[in-house]
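When the count follows UniProt numbering, it moves up by one through the sequence shown with no breaks and lands on 221 for the last residue.
Hint data in this document are derived by calculation from the structure and do not stem from the laboratory. Values in this document were obtained by computation on a predicted structure and should not be read as measured data. Note that beta-carbon positions come from the ideal geometry of N, C-alpha and C, so glycine has one too.
Result set (SDA-like, lysine to any residue): computed pairs, CA atoms no more than 20 Å apart in a straight line:
1. K170 with N193
2. K52 with D199
3. K105 with G76
4. K53 with I77
5. K171 with V142
6. K189 with Y202
7. K189 with R67
Label-pair ranges, simulated between beta-carbon atoms:
8. Y109 with P56: 32 to 42 Å
9. H133 with G48: 39 to 49 Å
10. E198 with S121: 28 to 38 Å
11. E51 with P95: 16 to 26 Å
12. S134 with R89: 35 to 45 Å
13. W205 with R89: 17 to 27 Å
14. Q141 with G195: 13 to 23 Å
15. Q150 with L113: 15 to 25 Å
16. R110 with K52: 28 to 38 Å
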Amino acid sequence: MQSHFTFCLFNLHFSDDDATMIKKIVQYIDEELSSRMPIDYGNVVGMGPHEKKLLPLLNIDSEKDVRVIGIWGMGGIGKTTIVDYLFNRYSRRFPARCLMRNVSKDSKYRNLLYLQKEFISKTLPIRKCKFEHSTVEEGRQVIESRFGHQRVFVILDGVDAINQIQAVAKKTSMFGPGSRIIITARDRKLLKNYGIREDDLYELWAHASLERPRFLSGKLN
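From just these sequences and the hints, can you work out the full model?
Next up, the structure:
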């Protein structure tokens, strides 16, 4: 059976039976709801000051250009907690969004092609799509063709090599005006070498470390 389904500005074609098509749609909705589970940051001491300092760097409401922000500091002091908070609070203002955790581990134990495919499938409205590019450069071309005119909120958490960033964001023109890219790393020099300006780097000190928040149960806001 040939079916056609329009969802979130993308036209998708299904060649499966109705049951399979419905299963795919339900799977997508389930993943979307899970990714938007409300988080309780009320007990995270010190989140407010970090947010206050980062918001001017992000300038969320501006759609003039693509902004890239770097957050750096030693391991285990709260970089992931901060970007989780920012993603949960602000990503829904963007038509497309993606939070990539443990980027260095995915790159180390798999490869950059896997990283690109994960990025594309997570950022598209319908996930679990298959993309058969065979080189990193082809992957970049796919990303730019999909998101070059779209406002995207991207977080790359736990980067330890420039090629991991460049695999999905070699240049800002790969994303539409108004996009925001946040990268976390332990190494400030890595972020500088990638091209992030000094004014767009945010250092997290050990004395300002944060505990991970807990997920709330109940209805979504």
